[in-house]
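Starting from the two chains in their separate frames, assemble the complex, guided by the hints.
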Amino acid sequence: MEVAKLWMSGIEPERVDEASGKMARLLERAIAGDAASFEAILKLYERRVLLLSWRLLGNFEDAQDVTQEVFLRAYKYLHRFDTTKPVEGWLVRITVNVCRDFGRRRQQRLKVSSQAGTPVTASSDPHTDFAAGENQELLRRAIAALPEKERAAFVLRDIEGRPTAEVAAILKSSETTVRSQISIARVKLRKAIEGLTEKHL
Amino acid sequence: MKCDISEERLALYVGGELNAAEADALHEHLQVCNTCAAVSEALREFQGTVKALRADSVSPIAMSRLHREIMNQVVEQKRSPEWWRQLERTLFLGVRWKYALAGIAGVIAIGSLAILSQQEPQPVGSVATERTQTAGLLVPDEFRSTTAPAEPPPSPIVRKKPMAARRPQPATPEELPRQIMVKLFTDDPHIVIYWSIDGNGETQ
Numbered sequence: 068m069e070v071a072k073l074w075m076s077g078i079e080p081e082r083v084d085e086a087s088g089k090m091a092r093l094l095e096r097a098i099a100g101d102a103a104s105f106e107a108i109l110k111l112y113e114r115r116v117l118l119l120s121w122r123l124l125g126n127f128e129d130a131q132d133v134t135q136e137v138f139l140r141a142y143k144y145l146h147r148f149d150t151t152k153p154v155e156g157w158l159v160r161i162t163v164n165v166c167r168d169f170g171r172r173r174q175q176r177l178k179v180s181s182q183a184g185t186p187v188t189a190s191s192d193p194h195t196d197f198a199a200g201e202n203q204e205l206l207r208r209a210i211a212a213l214p215e216k217e218r219a220a221f222v223l224r225d226i227e228g229r230p231t232a233e234v235a236a237i238l239k240s241s242e243t244t245v246r247s248q249i250s251i252a253r254v255k256l257r258k259a260i261e262g263l264t265e266k267h268l
Numbered sequence: 007m008k009c010d011i012s013e014e015r016l017a018l019y020v021g022g023e024l025n026a027a028e029a030d031a032l033h034e035h036l037q038v039c040n041t042c043a044a045v046s047e048a049l050r051e052f053q054g055t056v057k058a059l060r061a062d063s064v065s066p067i068a069m070s071r072l073h074r075e076i077m078n079q080v081v082e083q084k085r086s087p088e089w090w091r092q093l094e095r096t097l098f099l100g101v102r103w104k105y106a107l108a109g110i111a112g113v114i115a116i117g118s119l120a121i122l123s124q125q126e127p128q129p130v131g132s133v134a135t136e137r138t139q140t141a142g143l144l145v146p147d148e149f150r151s152t153t154a155p156a157e158p159p160p161s162p163i164v165r166k167k168p169m170a171a172r173r174p175q176p177a178t179p180e181e182l183p184r185q186i187m188v189k190l191f192t193d194d195p196h197i198v199i200y201w202s203i204d205g206n207g208e209t210q
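As given, the protein sequences belong to chains A and B, one line each in that order.
Counting from 68, one number per residue, gives the positions in the first sequence under our numbering.
Counting from 7, one number per residue, gives the positions in the second sequence under our numbering.
Just chain B, same shape as in the assembly (with noise of 0.2 Å):
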């Protein structure tokens, strides 16, 4: 006869580790399967083996010597500090390890995003600047020296600015390119042309 009952479950049974509803309904299995009945009887058979091993016993001599080399390396063992010691036993027993640690994580994680929050964001009108730097770089030569005074070179270190600063943002008036006006006599001294130009150097 073939069942599904596992050795596994068997063994729990014979150790006595199943409910008492499970061992009843075992127990009534095993009235009636005889390999399981077979299994059983052989597993606690071994049990009992096991239990045997539970009178061991070790010689007076070899526990003595044993004693001795353990007390010999104590009394030579250094151990850390009184203070240290006291602190440890305050940490462990007051406190609890864990939770200290996890207290000065805490406190890390805090400090550290009060210490971010305290970083000033970076001002909307510098990159307005500085795109109005960029342009000013192909305004014409012959017209830079009316247009604006003269610009600084362009920084060798280019910064990485977050995405949201990296948006184009609306500049302001003193921000907009300025727009000249030129003046062109000719031979007729009642012909004057007039014509603006922007930061580009493009006719508008």
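Just chain A, same shape as in the assembly (with noise of 0.2 Å):
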């Protein structure tokens, strides 16, 4: 995959070859347990999987203690990881995985249901909501109360572009499927959204 994203960029092949040859080593050394090439892995990836759980979670704070885990847990199971598939399909699949757990877990810490099509609400301040950026906050917020299934289809297609066959894989569910969760979400969110401007004008 970041191969073929490369390749789309107008990069050399040589290039290509010299980057997939990079990671490699990168990663046989850090499976052996050197860690300044995990370390190297790590500034590659950490931003994505930062703001990938950022999107699925709607808090930065929460984001924070899911992106340690995920690294964590790939420096763990780095030795299981086949060199010769992108690692960033593989962290994509943690990051999911681990927020899924993260987000159980908080609610049922916080007795919150969630459900489908739940109103999203407003903070008291309706002027701060609507201000420049904070309707993407309120978005966040709507999107984070999402069921867990259309909240990741559509982070991972909506918001990170990725193509529906590779969100299908991410989630190891069929593309069929994925369309129509990523169709249900973008119904839910715009009512949502709608729904909570009309009130505040």
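Errors might be hidden in some of the hints.
[Unchecked claim] Some but not every residue of chain A turned toward chain B, in silico, with C-beta under 8 Å:
{"#": "1", "residue": "Met90"}
{"#": "2", "residue": "Phe105"}
{"#": "3", "residue": "Ile108"}
{"#": "4", "residue": "Leu111"}
{"#": "5", "residue": "Asn126"}
{"#": "6", "residue": "Leu206"}
{"#": "7", "residue": "Asp225"}
{"#": "8", "residue": "Arg253"}
{"#": "9", "residue": "Leu256"}
Don't read these hints as lab results, they were simulated from the structure.
Heads up, the beta-carbon is just placed ideally off N, CA and C, and yes, glycines get one too.
This is the structure in structure tokens:
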């Protein structure tokens, strides 16, 4: 996948091979226990993992905790990873799983049910919510209120911009199911945001 | 105007997930249906808001702090021994974990079948013997000493036998109840009475 992306970006094939070879060497050294090599991999992907966690959970503090957990898990099970496959897909899968577990634990802790279609409540100050950039925060909370499968499909497809086939592979689902989840999520979110906008105008 | 196009379908259209034929058909529909056109436009605007989330950024300070925390924990983390990691790596990448498990399960299943098939079936004769022993309990005491050697006491443990083994089996000649011929002398030496009885003491 990474190789394909580099190809599409117009980078020469030699550079692609070089990048793949460099990553393979980093992985092999990290598997052998070299912390510096693992740190190099961490630097490449930590921002993407953090952003994905933030988008899936809707809370930056929780996303930081999840990012730590994702990389610790990756370090622990790195020897099981097939180095011929893209690292990013593997890390994204771990992130989705850790976020799912984290979300369930959080729900149990707070005893809050975030059912499908539950209207998202705005904060006490409507001017703050609809100030520049704040509607994005509102949207983030609306996304966090979606059921976990719809949320994961929506975030990976619409926010991360991954192809439907890749989303289906990450979520171990079919493309048809993913398309259905995405369309339902879009409709729910649009209604949630529209309802709040009308309420505050 | 009310039409049967769902909003979910419009959401797929806006996201470009319909095939060319479906998209063309819906495009034509939107030219004549104001309701669907309005919903479609709202979904398109919503998509724009969603795409704005792609520009999310994280401050370098927060990123740096998180990086340090992760590396501190990575250094402290104890990994499994090298030989175990090598074994797992071989299993995961060589035969694959699920195939390895399936193979182990298969070996266990075949082994179990082999052990079961080696167990000898219960001999049929034992059932007949047991029946004879049970019948022997009904023999009156006065005939017991002359009919057969002392019977062993019935076992307190009753073993349940398979249905096939519990079916009555034809008894072999030596297992048939013994016949006893009784000779009775009378006062008259010319009169002798004979009669035969079976193992149950019944006259035949």
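Results for each hint:
no.: 1; hint: Met90; verdict: violated (17 Å)
no.: 2; hint: Phe105; verdict: holds (6 Å)
no.: 3; hint: Ile108; verdict: violated (11 Å)
no.: 4; hint: Leu111; verdict: violated (12 Å)
no.: 5; hint: Asn126; verdict: violated (13 Å)
no.: 6; hint: Leu206; verdict: holds (6 Å)
no.: 7; hint: Asp225; verdict: holds (5 Å)
no.: 8; hint: Arg253; verdict: holds (4 Å)
no.: 9; hint: Leu256; verdict: holds (7 Å)
Figure legend: structure checked against the earlier numbered hints; hints not met, in rising order: 1, 3, 4 and 5.
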